[in-house]
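Engineer: Residue numbers (UniProt numbering), protein chains in the order written: chain A, 1 to 389; chain B, 1 to 389; chain C, 1 to 389; chain D, 1 to 389.
Here are the simulated DSBU-like cross-link-like pairs (lysine-lysine), alpha carbons at most 35 Å apart as the crow flies:
#: 1; chain 1: C; residue 1: Lys386; chain 2: B; residue 2: Lys180
#: 2; chain 1: D; residue 1: Lys255; chain 2: D; residue 2: Lys181
#: 3; chain 1: C; residue 1: Lys235; chain 2: D; residue 2: Lys350
#: 4; chain 1: C; residue 1: Lys180; chain 2: B; residue 2: Lys154
#: 5; chain 1: A; residue 1: Lys255; chain 2: D; residue 2: Lys255
#: 6; chain 1: A; residue 1: Lys154; chain 2: D; residue 2: Lys180
#: 7; chain 1: C; residue 1: Lys229; chain 2: B; residue 2: Lys255
#: 8; chain 1: C; residue 1: Lys229; chain 2: C; residue 2: Lys96
#: 9; chain 1: C; residue 1: Lys255; chain 2: B; residue 2: Lys386
Just so you know, the hints here were simulated from the structure itself, not pulled from any lab data.
Just so we're clear, the structure is a prediction, and the values are computed from it rather than from any experiment.
4 protein chains.
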Amino acid sequence: MTKTLNVAMIGGGFMGKAHAMAYASMPMFFWPAPAIPHRKVVVDVTDELAEDARQRFGFDEASSDWRAVVNRDDIDVVDICTPNNVHAEIAIAAAKAGKHIICEKPLARGGEEAREMLDAVEKAGVIHMVAFNYRRTPAVALARKYIEEGRIGKILNFRGTYLQDWSADPDGPLSWRFQKKIAGSGAIGDIGTHVVDLAHYLVGPISAVTAMTPTYVTTRPVQAGGQDKLGASEKNANAERATVDVDDEVVSLLKFENGAIGSLEATRNGYGRNNFITFEIHGTEGSILFNYERRDELRVMFNSDPADARGFRTVYSGPAHPYGEGLWPIPALGIGYSETKIVECYDLFKAIATGVQPSPNFADGYLTELVADALIESGETQQWVKVKT
Amino acid sequence: MTKTLNVAMIGGGFMGKAHAMAYASMPMFFWPAPAIPHRKVVVDVTDELAEDARQRFGFDEASSDWRAVVNRDDIDVVDICTPNNVHAEIAIAAAKAGKHIICEKPLARGGEEAREMLDAVEKAGVIHMVAFNYRRTPAVALARKYIEEGRIGKILNFRGTYLQDWSADPDGPLSWRFQKKIAGSGAIGDIGTHVVDLAHYLVGPISAVTAMTPTYVTTRPVQAGGQDKLGASEKNANAERATVDVDDEVVSLLKFENGAIGSLEATRNGYGRNNFITFEIHGTEGSILFNYERRDELRVMFNSDPADARGFRTVYSGPAHPYGEGLWPIPALGIGYSETKIVECYDLFKAIATGVQPSPNFADGYLTELVADALIESGETQQWVKVKT
Amino acid sequence: MTKTLNVAMIGGGFMGKAHAMAYASMPMFFWPAPAIPHRKVVVDVTDELAEDARQRFGFDEASSDWRAVVNRDDIDVVDICTPNNVHAEIAIAAAKAGKHIICEKPLARGGEEAREMLDAVEKAGVIHMVAFNYRRTPAVALARKYIEEGRIGKILNFRGTYLQDWSADPDGPLSWRFQKKIAGSGAIGDIGTHVVDLAHYLVGPISAVTAMTPTYVTTRPVQAGGQDKLGASEKNANAERATVDVDDEVVSLLKFENGAIGSLEATRNGYGRNNFITFEIHGTEGSILFNYERRDELRVMFNSDPADARGFRTVYSGPAHPYGEGLWPIPALGIGYSETKIVECYDLFKAIATGVQPSPNFADGYLTELVADALIESGETQQWVKVKT
Amino acid sequence: MTKTLNVAMIGGGFMGKAHAMAYASMPMFFWPAPAIPHRKVVVDVTDELAEDARQRFGFDEASSDWRAVVNRDDIDVVDICTPNNVHAEIAIAAAKAGKHIICEKPLARGGEEAREMLDAVEKAGVIHMVAFNYRRTPAVALARKYIEEGRIGKILNFRGTYLQDWSADPDGPLSWRFQKKIAGSGAIGDIGTHVVDLAHYLVGPISAVTAMTPTYVTTRPVQAGGQDKLGASEKNANAERATVDVDDEVVSLLKFENGAIGSLEATRNGYGRNNFITFEIHGTEGSILFNYERRDELRVMFNSDPADARGFRTVYSGPAHPYGEGLWPIPALGIGYSETKIVECYDLFKAIATGVQPSPNFADGYLTELVADALIESGETQQWVKVKT
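Using the sequences and the accompanying hints, generate a full structural model.
Structural biologist: Quick look at the structure:
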């Protein structure tokens, strides 16, 4: 019989919503499920917030004491949906308590912190995962399949972007995402790491970078309490302002260990772009394009096609593609953010059930942090910086 | 305190999955929820199937006796996810038992059957809804908002399509969708009614039609038991074949009561199209385009724009648009099929909580059936046919 | 040695410009050219206009007397770029004088007039061509190649549109295009015939139609003399207005002789559409899409592709495609209106050089007029109308 | 009366074709023309080739002696369409002879050579132009207009690409474009300079770069005589091979004098890309996108749009946009490569007629060469390199 595993989720914001939905829905999609997630305890910063999250997200219990919760015997999985500054503390405690862990991205505020987290989970022998959900998009998994099967040959060039515009307005609030002590970095950690994760997934390890990391909006209105609301936040031109000490954008060149080259650009100030995660990969036998804003689609060009019918194919992911057995019965019924999180949940519980580490795990997340560190350093030194693996 | 309502879901196939996910997820998205759905009983054709569905979809109980279930005192909402041929019987019984009802589309196998269903729910005074989920796509709701606000002027022309290709292969199985006695019609009822629903939602009632309704694949392999799997079905060139007695495609012209004109095309045999629900609407002040395969986007052109910057805007639905308060905090995080069903569920429970009928309700579904009847009749007579309202 | 042929061009407006450019450029592209066009005489309605056209378009001589010109011994080709109402008179005179003829579309103001023109050229034994240039777009010729080679199987359905918006503004002037006595019809003849021509080229003869043909803007400001300027015309809300007696739009269903079905929509009142000539063709083995607004591209889907890489290919026309030997050395350098007219000119002079009638010739243009007549009749009777071949 | 100017065109290949077409067509489009180009003499490397070009391109005379031709008294304009290695010699001779000059891009094989050319034309006081035709695309000129009018605010970021795939096949011939002594550089000079020109046109001078400049295909089959045919060239896997000594690709970051940053990528080895010249520009009030493969379109987003209708507009260039008075009477009739060259020709002759230097002139071309030099140097040193202005 399928095992049920109790989940403690720390953090009840936007990510808590996405994760709770996935816990409830995953077995409906991937059935028989590798294991059944049970929403046992949700933790938030106050009892009131936690109780509200409990009702909203369908957990059995609420708590404002994450330390107590992660040490409970009846908890199997700890899910970290907090701001970045407490990822390490919670993860290390959960590892010590022998819990399997999924941690929201970026794993940490830099390589050093990530290294400690990785050491902790490896020592504890638990399953660990970082929630870089975009590689769970079926079209992205299909890109990986094409590459693994050699269908576009040897990779020459990877060009990745993550462009948003929710912080382009200088009067958007100074949420934790603009504070180095909480977030570690700005666009680099928040969204650039997603591109690094995709690059690692599709091409291989990045070995060196050169970058520019400007801050365009140097002060922002102090946030009047409450949660980060991203694009739904109130603008307030009249509020007191404080300093932004993280990057608004990173524009960079990449070298990969396998000889491929590339570029990475991430910004939250690119008007008109919403969640514009793209990659273009040129190989010796073909090319692949992806744009998350049209995430049902993967575009692929095979040079082996006949001369009069050569061009990018637009493939809509569906039953014939990765994760197709669990999702919708025809292509283009629709992959949303929900579906990416349901797939992520499936891969996590499959890992726990089989004992095989999923990917990206904390080792992958650590590598990504090292690249983020290199991007920050290069932004300061204006030199090529080797990734310190 | 928010009320919890017990749901009995009849049918555990693809639609059961979508609905169960929505029951679990809706309050997580729209919070505080108007009411909380509780997955009480799931019904399938055998006890075994029902028990499997119970575990998979997280219901308390399983049953193979829908009659008993719809008459239980502890059931508040009956959800009909069966093939079309039992919609009426279940709905009428549920209405008599005083239950609120959501019924999958199309409402019935024609206007007559739909009329009986409508009479039953009106007599019972319950809340009733038809699951035309595509109008719940936020971008579609945004189109409606633009139209209601007069931003494209008076509507001249509506062009709607629903193109798929999952049945283009002549060796796809003869599922219930190809049998008139179960389905009522072919592409007309299965997918054409979605376009009729969108036309009614955005433009107003259709008053007359002229149509062609060819059947391209006249025999198909008899299905070896089990559920309809749409695009994931096995092809079987060697199986015994039986006759298809429904349309594969409908191509038609439309007249609306308000004087607008239009066209409707629906096929399941259009290679390369997956879930290609589109509309193009021309008004006296602008135009609107939508393509569900890129459902995060609505395209709108306002003639009032300055001459040197006039063109279709691609608007990604998000917090600033309909249902934005409950979905994701920035545009293009991603609307999938899941999100459309979560919104549908929200509108159903809001209707129950407020006592105001949702739309499309059975009256809307009945009108849609009358248009479907007219399309079928016109396909036979090759004449313009008035919708018999 | 390559022969030089003297051209007399009647009409110096927008079409005169396009044709003159083609005469000058064609041999530069298709070299060795089948024959060299020499710009001998240009004719316009006054001597002054003709002299201006002569200088502008690089002709040797100017004239305001087309009758005299078409009877000159030193003229080999007569090119009719006038409004529709004088096509027949000029063409018949030119045929009698034994000249090869290219006539702008639509061939005539209806089938009867076209029949007379066809009789005249057949009797005279000259080469004749109708300037439906859009089928000369290399991507369209590629579609024809795919179809002829059976690569999308048997055609089931053709959906064609030609949508523009230059006449959507009710204050656009009452040019000859809105006057039945000059134009014959409105959107039907002006742009709908282009779609009919594409349908005939790609699918085969249309046998019956049913249509709606509304006039949305029933009066327009009287034009203050001068040429039709289409989208560049001045709007004048205060001018005296007169009645529009042609259709603004045609929306129709089609039956083809070979059993295929389809639809055709043409409007000049569709805000946001500029020169939106599209077709979507579903076959038993694949599908083809085309949109002239992105005319370098043809999209094609082959069902024989592997299950995990099936989807529309976007093929950019270039050296490997029809007319590629004469156009640009890589795809996407760019096909513009100029290039379509250069190809048309090439096919005309190849026909003259070889003595093999080009397509579309007056026989094709006559069939197109018969379809236009049927569309007009159906718009009036609201019945299916057979094309009177 | 409009003046006629005699043109001597040196080089009769692909570019000769494009220029000859423009000389013939320009006055037809822009009328009254600022001056009338007369095709006087065409020069090629042998008398035979020159005579063929004369007939094909409609020149009065043919010659294989460019020195003699550029010194003829009856020549007003010298047009240099040769490979890069003779640009300087011809241009300097033409300048000394007092001729106005248009030179194909890139201006030279580096900054030093370009400097000599610039000195020569400035000393001679002639009109000079470099044929970076892509900025003549009406949609690109519209982007410039928006920027100049401040409609997207201050520019933060420019991302430009020029991706092709005609040299991705390792068996494509070793044309002059792969030989440093003739071409100066590879993708940098051939196509990257077009992006530099666009960046200079739209944003301003580039001040520093960091780059990678790999050569992927290090040997190629020796070309068996004859002209470079780009994408139409014969592949020959069995021919003797020789070394490629130029870059196949450049991937780089940019700093602009005005504080903006950016990136530039150019390759001729990106399978599936044909003439993929793109830019994305983020400003403080909006953004602009362009893709030459869909060159009729400019996409622009204004942050000032209402919250519920914000997104990129797709504007089709036409009569309301730059050069609209001379091109086609409605948008999307079609801008091809021809139209860009006709506009270029117009701007050249307007400059000659008015005595005001056009842009880009040799001073602009010289700056572009300095950026190319910096890209090459950075590719070698792997350091940020300042542009040596």
